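Chain A is fixed; fit chain B onto it per the hints.
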Amino acid sequence: MIGLALAYLCDRAFTTALNILLLAIASAMLMLLVQFGTQLSENLQRGTANIDLVVGAKGSPLQLILSSIYHVDEPTGNIPLSAMKRLQHDPGVASLTPLALGDNFDGYRIVGTDQSFLSLYGAGIAQGRSFSAPSEAVMGATVARNTGAKLGQKFVGSHGLAESEGEEHEHAPLTVTGILTPTGTVADRLILTSVETVWDVHGIEHHHEHGSGHEGDTHDEHEHAHHHDHEEEPHGREGLQPEVTALLIRYRNAAAALRLPSMINRQTEMQAASPATESARFIALFGAAFEGAKLFGWLLAATGGLAIFVALLGMARSREGDLALLRVMGANRLQLFATILFEGLITSGAGAMLGLLVTHGLMVLAQSAFPAIAEMGISPFRLLPMEAGIVIAMLAIGALAALIPAICVYRGNLSNLLASL
Amino acid sequence: MSFALHIDNLDFRYNDRPVFSGFNLAMERGRHHLLLGPSGSGKTSLLNLICGFATPNSGIISVAGARMTGLSERQRDALRRDHIGVVFQTLRLVSALDVLGNLRLAAKLAGVRPDDAHIAELLDRLGLVHKLHAYPRTLSQGEAQRAAIARALVSCPGLLIADEPTSALDNANMEKVAQLLLDTAEQTGATLLVATHDERLTPYFDAAVRLEGAPA
Chain A
1 MIGLALAYLC DRAFTTALNI LLLAIASAML MLLVQFGTQL SENLQRGTAN
51 IDLVVGAKGS PLQLILSSIY HVDEPTGNIP LSAMKRLQHD PGVASLTPLA
101 LGDNFDGYRI VGTDQSFLSL YGAGIAQGRS FSAPSEAVMG ATVARNTGAK
151 LGQKFVGSHG LAESEGEEHE HAPLTVTGIL TPTGTVADRL ILTSVETVWD
201 VHGIEHHHEH GSGHEGDTHD EHEHAHHHDH EEEPHGREGL QPEVTALLIR
251 YRNAAAALRL PSMINRQTEM QAASPATESA RFIALFGAAF EGAKLFGWLL
301 AATGGLAIFV ALLGMARSRE GDLALLRVMG ANRLQLFATI LFEGLITSGA
351 GAMLGLLVTH GLMVLAQSAF PAIAEMGISP FRLLPMEAGI VIAMLAIGAL
401 AALIPAICVY RGNLSNLLAS L
Chain B
422 MSFALHIDNL DFRYNDRPVF SGFNLAMERG RHHLLLGPSG SGKTSLLNLI
472 CGFATPNSGI ISVAGARMTG LSERQRDALR RDHIGVVFQT LRLVSALDVL
522 GNLRLAAKLA GVRPDDAHIA ELLDRLGLVH KLHAYPRTLS QGEAQRAAIA
572 RALVSCPGLL IADEPTSALD NANMEKVAQL LLDTAEQTGA TLLVATHDER
622 LTPYFDAAVR LEGAPA
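First to last, the sequence lines map onto chains A and B.
Using our numbering, read the first sequence as starting at 1 and increasing by one per residue.
Using our numbering, read the second sequence as starting at 422 and increasing by one per residue.
Chain A extracted, bound-state conformation (with noise of 0.2 angstroms):
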């Protein structure tokens, strides 16, 4: 009857056609919403799993986290070195972890930094080493696969963070040393290198007080090209300082989350911002979107339903002497009733494979489209077990829909069938 049933829908291919798009649609928006909510919330949480605070320059503190933690929207600014001295003897830290950003090679963000950093996302190496001297730089798998990157290769990165916003740092090229094992988070979208590398590559002078990518050096050991040896922070040649964009802060007990963001925000001039709660508020920000689209989804899919519905109600009635003559074939009532339910199941089920293929489609021709949504770690290839709830529903509603005239036909008056022929 599964045969019948397709060349009945085939008969009438536009109506078919129509009511596939019109559950296509609805599916597609709330598969969409689905991708979205779920792989950004996640993303979301995955980045600030082991991050208490980030500490940064004044300003948004939603900014402060989407640069620091999921590096992508622009930096608050940069705070002094010497801020970040002081909050590495605090008490309450357990680990600090600086950020230096400023530069991108292919789009990828380049991020000065030091070892602990791929402790904070669990990365690893997957081939190489690590950055430790001056000019080495460790690729995250994201970039080394994008950019056909190889150890020992050399690149220049370009001003800005995103790709073709400024000048190349010719004079500066920085070698991949290593490229770090897939870890689902930002990190694979990152290259990583010292803080110093950073502050080299533009200029300013420094001597290596705070340990970045040189783990175990003893500072005052290590003889460095910009090595200043007085008390006073350095001054780079343009009188630029050495700063750093933000800190990446463990909490070493409970009470320190009390103090320190109040201690940061009310004493000094940075400003000190939990990733948990901006995180959260980020997400309630959009989930009154997203459940407002979702509602819309689902009216469509109604409508979708009740077009199948008036569908398979009117072609009820007018295939009643074909549906008789079936009876007289051979059919029995169920046969009858199945073939209806199965126009309905395939309509429906049409509908949602269409929509769960442009869903993909569309995420791959964002994703192409806005760069911010790789770097926001959305993969368009991820099917997600909530696309087979609605893929189900979907069914459901197709059912739902053939249940009436399915009925109307099961209940039919057999006594006048060969009447209607």
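If you are wondering where the hints come from, they were derived from the structure by calculation, not from laboratory data.
One should not assume that every hint holds.
Anything over 12 angstroms on all C-beta distances counts as not near chain B; from chain A, calculated [as the list claims (entries may be wrong)]:
{"#": "1", "residue": "R46"}
{"#": "2", "residue": "A133"}
{"#": "3", "residue": "E170"}
{"#": "4", "residue": "V310"}
{"#": "5", "residue": "L326"}
{"#": "6", "residue": "A331"}
So the derived list for chain B, only partly shown, Cβ under 7 angstroms to chain A, looks like this [what the hints assert, rightly or not]:
{"#": "7", "residue": "G451"}
{"#": "8", "residue": "D498"}
{"#": "9", "residue": "R502"}
{"#": "10", "residue": "R513"}
{"#": "11", "residue": "L518"}
{"#": "12", "residue": "L530"}
These numbers were taken from a predicted model, which means no experiment stands behind them.
All residues carry an ideal CB built from backbone N, CA and C; glycine is no exception.
Below, chain B without anything else, positioned relative to chain A:
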């Protein structure tokens, strides 16, 4: 004696009006009968009863030796499927399927495995093999009629029923259709029962049963 259809002392009331009262009919296998009567004389009611779509108030209807009366709906469906082929006045080919698809569907519904070679042979016998993949809307009236006959015969039923097959035809075409039904029934070994008000068909059949009862 072996009967393709045997009706014994049939009583049937429709909306409290008697349609058949003590009606009898015995059709030997291989003998072809006309069921003659004007519109409303009960022809359609009788076909409904023979096919098992309606149940009589009393009496017995047997098809191919099996009693249709007293069976459950499912059993009646099975008996009809296995032994009866029907050609309708309006032909009613499934418009969504081509001729081959219509015959395959009929075979499947009759519980017979569709055999394309048998279908082609049947259509060839009816001069319609070149329309194997044609859709009903592209067929002429005559072609559609032959396709409907082929469909009724695809499962090799013992009893072939045709309802008003010639009512709208001129003499020449009436004769063609009558001959086609009789020849096909002979070739397939089916017993033919034609329900009609068309008296022109009388000379072609072995026997005619006249219905003049109250309208159904």
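The hints, checked one at a time:
With 12 angstroms as the threshold on Cβ separation, the claim that R46/A sits away from chain B holds: the shortest Cβ distance comes to roughly 52 angstroms. Separation of A133/A from chain B is adequate, the least Cβ-Cβ distance of about 75 angstroms exceeding the 12 angstroms criterion. With 12 angstroms as the threshold on Cβ separation, the claim that E170/A sits away from chain B holds: the shortest Cβ distance comes to roughly 70 angstroms. Every CB of chain B lies more than 12 angstroms from the CB of V310/A, the least distance being 19 angstroms, so the non-interface label holds.
With a least CB separation of 7 angstroms from chain B, L326/A falls inside the 12 angstroms interface cut-off, contrary to its annotation. With 12 angstroms as the threshold on Cβ separation, the claim that A331/A sits away from chain B is violated: the shortest Cβ distance comes to roughly 5 angstroms. Residue-level restraint check for G451/B is violated (minimum Cβ-Cβ distance to chain A is 23 angstroms; threshold 7 angstroms). Given the 7 angstroms rule on beta carbons, the hint for D498/B holds: about 5 angstroms separates it from the nearest Cβ of chain A.
For R502/B, the shortest C-beta to C-beta distance to chain A is roughly 3 angstroms, which falls under 7 angstroms, so the interface hint holds. With a cut of 7 angstroms, the hint placing R513/B at the interface with chain A holds, because the nearest CB-to-CB distance is about 5 angstroms. Below 7 angstroms, beta-carbon pairs count as interface contacts, and L518/B has one with chain A at about 5 angstroms; its hint therefore holds. Given the 7 angstroms rule on beta carbons, the hint for L530/B holds: about 4 angstroms separates it from the nearest Cβ of chain A.
When the structure is compared with the earlier hints, violations turn up for hints 5, 6 and 7 and for no others.
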